[in-house]
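Participant: Sequence lines, in order, name chains A and B.
Position 87 of the first sequence, counted from 1, bears residue number 87 in this note's numbering, the numbering being contiguous throughout.
Position 72 of the second sequence, counted from 1, bears residue number 72 in this note's numbering, the numbering being contiguous throughout.
No lab work stands behind these hints, which were simulated from the structure alone.
Each statement offered as a hint is correct.
Here are the simulated DSBU-like cross-link-like pairs (lysine-lysine), alpha carbons at most 30 Å apart as the crow flies:
hint	chain 1	residue 1	chain 2	residue 2
1	A	K42	B	K63
2	B	K59	A	K42
3	B	K63	A	K41
4	B	K59	B	K31
5	B	K59	A	K41
6	A	K115	B	K296
7	B	K31	B	K63
8	B	K296	A	K116
Computed, partial: chain B to chain A, Cβ under 7 Å:
hint	residue
9	A69
10	I151
11	W295
Listed next, with one range per pair, are the computed distances between beta-carbon atoms:
hint	chain 1	residue 1	chain 2	residue 2	range
12	B	W317	A	I62	44 to 54 Å
13	B	T281	A	W121	21 to 31 Å
14	A	H61	B	G16	35 to 45 Å
15	A	G92	B	V337	28 to 38 Å
16	B	Q77	A	I69	26 to 36 Å
17	B	T45	A	I66	42 to 52 Å
18	A	I62	B	V121	13 to 23 Å
Using N, Cα and C, we set each Cβ at its ideal position, and we do this for glycine too.
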Amino acid sequence: MHGEVAVNYTAVLITAIAGFGLIAVLFVASSILSPRRYSEKKVTTYECGMLPLGRFWTQVHIRYYIFGILFVLFDVEAVFLFPWAIVFLRLGPVAFYEMVIFLAILLFGLLYAWKKGVLQWK
Amino acid sequence: MPEWVESIIRVAIAIGFVLTTVLVLIWLERKVIGHIQQRLGPMRTGFHGFLQSPADAVKLLVKEDIIPAAADRWAFQLAPALVFVPIFLTVVSIPFTRTLVVRNLDLGLFYVFAISSISIVGIVMAGWASGNKYALLGSVRAGAQMVSYEIPLVFSILGVAMVAGSLNLETIVDAQRGLWYIVLQPVGMFIFLVASLAELNRTPFDIPVAESEVVGGPYVEYSGIRWGVFFLSEYANTFIISALAAVVFLAGWRGPLLPGWLWFLIKTYAIILIIFWFRATLPRLRIDQLMTFAWKLLLPLAFVNLLITGLYLVYDWPRWILFVASVAVLAVASRLVYVVGRA
Chain A
1 MHGEVAVNYT AVLITAIAGF GLIAVLFVAS SILSPRRYSE KKVTTYECGM LPLGRFWTQV
61 HIRYYIFGIL FVLFDVEAVF LFPWAIVFLR LGPVAFYEMV IFLAILLFGL LYAWKKGVLQ
121 WK
Chain B
1 MPEWVESIIR VAIAIGFVLT TVLVLIWLER KVIGHIQQRL GPMRTGFHGF LQSPADAVKL
61 LVKEDIIPAA ADRWAFQLAP ALVFVPIFLT VVSIPFTRTL VVRNLDLGLF YVFAISSISI
121 VGIVMAGWAS GNKYALLGSV RAGAQMVSYE IPLVFSILGV AMVAGSLNLE TIVDAQRGLW
181 YIVLQPVGMF IFLVASLAEL NRTPFDIPVA ESEVVGGPYV EYSGIRWGVF FLSEYANTFI
241 ISALAAVVFL AGWRGPLLPG WLWFLIKTYA IILIIFWFRA TLPRLRIDQL MTFAWKLLLP
301 LAFVNLLITG LYLVYDWPRW ILFVASVAVL AVASRLVYVV GRA
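Okay, chain A solo, but in the shape it has when bound (with noise of 0.2 Å):
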């Protein structure tokens, strides 16, 4: 059973070398074939033909941050549930409700999300 996982994550984790790989060859081949020419220019920030304006970064809306924090909440559950999907039928009805008690816990979370008027982006 040990043997067989290490050997299915052996041919990801080549996979990965391989990925990585290409990309440095694609690279090194551009660095290689590409021509260099330095120009003050040339390396300003792009602000579509204009002299860039005032910092380099903006500053962006908090409503990202809790869209970020919903997404922790819902796919920890995803996490949950996979296993849960596979067995359930196993362990009878009672798993199942379980299931939907939970389910029901975090839809109510995300009723109060809705109320809150966190999901309108205004």
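Fit chain B to the supplied structure of chain A, relying on the hints for placement.
Facilitator: Same frame as chain A, now just chain B:
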């Protein structure tokens, strides 16, 4: 032959396949959209422009790679790799046929979603490291959109895992003997297709890379091969999402008469063509419509789908009830979009 040597050979074939597929897809998209808009698309290089993509690839390779003075050099240079590698890693567990697969992982379905979402980090990193306002805005939009649609996506696929009783993609295909899951999980397939369009940042969900607002989003400052790698990732991801939909909902290599790999490609390309068709037909959604759609429609819809599927399995209902109930749910949902959207 030791296992790892076999793995290396399979990975090498996968790299070749992915690169060729990307070149074909870029050409195909330009041709398809051209013909939909009553143009010819690329015509000059090779037969019907077939050599256009290789020519573009060479062009990108010999172009100067500009790193803006304001950029965070390390993050800027590494971001393309961080976008491409997770997408390429998902190829590992996608079965083209029973034998034509890099490695059949037991957690295949879970693995694909777990790995592919890492590329969100790469996109946000690219936008942040560019030191450009448009890039930053584009990348936080991409981040918000992709994490929001990630959730309905994962829940849509959960119904399939419940019906098949496995996360192994080969077992899931075998479980579709006689009846494809598009019949049992139409709601799941609908959510999957919509949410994966959003994951791909493709029309109608292309607001993070909207040329008319954020001039290309996270990729504004990229040029040459680094930009090319983003492009490569996008098309590789289009293929993988379509392949996954073909495996999970359309029974992958199963089909009469023709060989398995051909069935797999036919189904995958059918979905790819639908995605291209959307791009030629639909306008871009506003960002508030986009977020509302994910959280207030797709997510509850996915919950309803899970509930119906669970009841069907626990009480052993006949299959047609699940089908009729799913279609009814879809009908109600589409009516709701119309009514709520108008209000």
